[in-house]
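**Q** Residue strings, one per chain:
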Amino acid sequence: MSDAAASTWADSWATSQQALMKLMFAAPAPGESGAKDTEAPMQEQFAELRDAWQESIAKWTELVKQGPQAVSMTPEALRELFTPERWSGVGTGSFDAGLRQVLEGPKYAMLFDLDRKLMALRQLASERDRDVAAFHAILRKAWGSAFERFSSNAASRVVQGPATWRGMADRWLAVLNDTLIEVQRSDAFIEAQRKMLRSASDCRLQEQEIAEAWCVAFHVPTRTEMDEVQRTVTELRRQLRALQRAAAPPPVATHATASSPTKRRATTKSRASARS
Amino acid sequence: MATPKKTAAAQALAEFSDFNLKMARGQQMLQRLKDEDVQIATADKEVVFRQDKVTLYRYKATAKPSLKVPVLVAYGQIGRYTMTDLQEDRSMLRNLLALGVDVYAVDWGNPTRSDRWLAFEDYVDGYLNECVEFICRQHRLSAINLLGICEGGVFSLCYAALYPDRIKNLILTITPVDFHQDQAEGRANHGLLNLWTRGLGADDIDRLIEANGNLPGELMSYVFAQMTPGASLSKYNIGLLDTFDDEKKLLNFLRMEKWIADRPHHPGEAAKQLLVNLYKNNELIRGEFQLAGRTVDLGDIKVPVLNVFAKDDHIIPPKTTQALRAAVGTKDYTEIGLDGGHVGVFVSGKSQGILGKGIHDWLRKRD
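Chains as they are written, first to last, in this note's numbering: chain S, 1 to 276; chain R, 1001 to 1367.
For reference, chain R alone in the conformation it holds in the complex:
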């Protein structure tokens, strides 16, 4: 009969053996995988409009149309739209297409120093407006459905407030509105970005943009990694090791890493507006945010609004986005709170059956 000490030793030996086996299995998988296995944003689409570095895509239908009005998806500048179509079984866009939605998505491109002077108004009055106008012309419509994500949600809010006739329904996902509600729930890991940005002086931000021309994508990657220190520190050891059980899990991991690594620079002037006017001064919810001399009044948004948020979003804490309910000028306001974190809304297995369907069902009632 084995003594407790021997059991512990045997346990340690078994664990050591499993560890080595897993490492060997992972090595085999990594050797087999090629670049093409780690492609992201592969849903079939075509370029329908270009302006400067901005590209408007239209996705090929995969089901019979169920809505008369198409949806334009607008991501922000911190990260790229490819997250909405990470892989075949984790794709908000494919889920919408499968439900018969006509989907467009705008890609802002990869800004360089030459885009330093682009401001929010260039994105709202310029590029986004051009995309909306283009779709309206193509479909002979006066208004379309606009779906904004994160900072793209802020663009969409500004657009809907300034061009109310062009929006039929407004959908927002993980979108900040009241930038000072980051500690409304008192969760220590929430809203670090808000806290750190408030800790910077406006002149610190000016110097940062002056020195780099843009808000460097690498800096934002560092900031995001720092917001989840435990996960960031263990990602490439324990996290990667966990995926060695299953090639599908490993591929999910690598595709996610590919998206994270593809972080564009944020055009300088627009970055100043984001960090100073919005994060520091909280001008959007105060009704003081100005674009090209016009004030963005959220009360001017009279169209139906669907606001989707993540219950454990450490980047856009729920209360920062739920503040929208009291600010918009419509009574047709709906919220969907999903389990999980900021990006999990789009890429987690659990949300796949909820997000796309939730958006589709809501739109169908207002088509």
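Here chain S stands alone, though its shape is the one from the complex:
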């Protein structure tokens, strides 16, 4: 709302208030000053009250004039606000804006939720990387130990004849293998491996949650929904086959004979195709 518009509205409001006050507390005419003694104190009281009120009105009027931004509604704006057309149909007024906010609220909420999901994924990915690094740190340390063992063995070994590269490689691999297996049996390794596997799973599941949010927004079946469908199919198939087995006739013969392979194949083939 412009300053001019605010000023117009303020003037109009102040004028109307002054008119009301004058009507209510009109000043006595000069000839009426010698009224009854009993009425004088009351008249004085009213006059004081009137003056105080007028003073207040003047201050408020001044305040309104000084702060055009504080009150932004013009009479025209108020009129428009209460126009019936503004309350019905689709438009761009403040009510529609509020309605749109209600209607679109979930989308905004979801967007915000997606941010949180992405943040959680970043955090989980970071934890996974940390766990992978911890796992590799244990292995690196094991490699270091293996090399120390290999070096000390090589130094103390009485070499019979020239050492070949293959002989050295075999010895190194044997030491490395034993050292790594020793470490892989340790509690520290087992816990590091467990953590790595767990954080990788958690990270993957968080990715799935984000993918599923997208699926929901775009009307695509989610992984969870597909898993549920597959579970139902598996269970139904299980029940159906159990019923088929229960309804099947008992085995017809119970003797052991070895017929010719060719003849047997022909029979099995036809039955197989019938069942497939």
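Simulated from the structure, these hints should not be mistaken for lab results. Please note that the accuracy of each hint is not assured.
[Said to hold, decoys possible] Some residues of chain S that are not near chain R, with every Cβ distance over 12 Å (derived): (1) L49; (2) A58; (3) E62.
[What the hints assert, rightly or not] As a list, the in silico DSSO-like pairs of lysine-lysine whose alpha-carbon atoms are at most 27 Å apart: (4) K1258(R) <-> K1022(R); (5) K195(S) <-> K1068(R); (6) K1272(R) <-> K1319(R); (7) K1272(R) <-> K195(S); (8) K1302(R) <-> K141(S); (9) K1258(R) <-> K1302(R); (10) K1258(R) <-> K1060(R); (11) K1357(R) <-> K1060(R); (12) K1045(R) <-> K1064(R).
The beta-carbon is built from N, C-alpha and C at its ideal position, and this holds for glycine as well.
Based on the hints, put chain R in the right spot on chain S.
**A** Frame of chain S; chain R shown alone:
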């Protein structure tokens, strides 16, 4: 006359020269090889039954039948059945066929996230049972021979305990039974998988499965590689270099790598049962493991049992599988301990003449 110093220098030069020659030879071999040279699981077979992603194969006979009852081979979900027929001269299945055994094998397929809810009961009561029923119908038999491998051995144990009438003889290979006996022999490189799994909380495993839907095959590959750090670190340098002497060795190496790389995801619910109920809580040997509300009691296994294990199996340490002897309800229990490691039982040159023949001879006495 050469001084010792010169001898060492000459030695180093010769070694350097041999190294470069070997590299050049290896490069030539790798350039010659094509994808088709590295095929695995090529024994002649046909699809006889399918359900969902599960396929039942029947192998074409290569010899006159010597047993009346066929053998169904059930591998686990960690790895694939193709290991049983890695190549022509390293194949348990071909060895059995050559001895006149009628062989079936079940392939669980490649589970995806849609298979997340499949549990042990789906494999035991469902797919495995369907395969057994199918074979029984085809052969007009009431019971067949079941051969379980690794986790497939656990499936087979559960099946034999819950459906005793359908099994004539039970053969287990590298199968865990008592999951807490991993350090019974005190060998540091044994049972790391048991130790690490016990280090996880049940909620850690739940979150892992929730996040991935399944137990990722890549994760299991990483875990297995970590269990043999020296071999894993040197495989693609020193290990590969060692194969450059001989094309056959290189092909063996590449086929093995092909099998290792083909590691399926393990369905989520079944993985939870494997890791929590079995590895952590050891419910199978305690007689507490439940499938669809029924308790698997190994004492209900009254049929003859052959238990084959590897003496240096770092994944399924011998004592974890030998615990079966005291748990089953049969006195006809036999063990064969083979030299070598977990997979070596099936693919090593040494075991080729032993494993297939051992199984065949044992079955023949109980046919």
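**Q** Against this structure, judge whether each hint is valid.
**A** To see whether the hints hold, each was checked on the structure:
Chain R leaves L49(S) outside its interface by the beta-carbon criterion, the shortest separation being 79 Å against a cut-off of 12 Å. Remark: the non-interface label on A58(S) is consistent with the geometry, its nearest Cβ contact in chain R lying 75 Å away (cut-off 12 Å). A cut-off of 12 Å between C-beta atoms confirms that E62(S) is not in contact with chain R; the least separation is 70 Å. Distance check on the hinted pair: K1258(R) and K1022(R) sit about 23 Å apart at the alpha-carbon level, within 27 Å; holds.
The straight-line distance between the Cα atoms of K195(S) and K1068(R) is roughly 54 Å, outside the 27 Å bound, and the hint therefore fails. For the given pair, K1272(R) sits about 23 Å from K1319(R) by alpha-carbon distance, which is consistent with the 27 Å threshold. A threshold of 27 Å between alpha carbons decides the hint, and for K1272(R) with K195(S) the separation of about 18 Å falls inside it, so the pair holds. Of the supplied pair hints, the one linking K1302(R) and K141(S) is violated, its CA atoms being roughly 52 Å apart against a limit of 27 Å.
For a cut-off of 27 Å, the pair hint linking K1258(R) to K1302(R) is broken: about 39 Å separates their Cα positions. Restraint check for K1258(R) and K1060(R): the C-alpha separation of about 24 Å stays at or below 27 Å, so the hint holds. At roughly 19 Å between alpha-carbon atoms, K1357(R) and K1060(R) fall within 27 Å of each other, so this suggested pair holds. With a CA separation close to 17 Å, the supplied pair K1045(R) and K1064(R) stays within the 27 Å bound.
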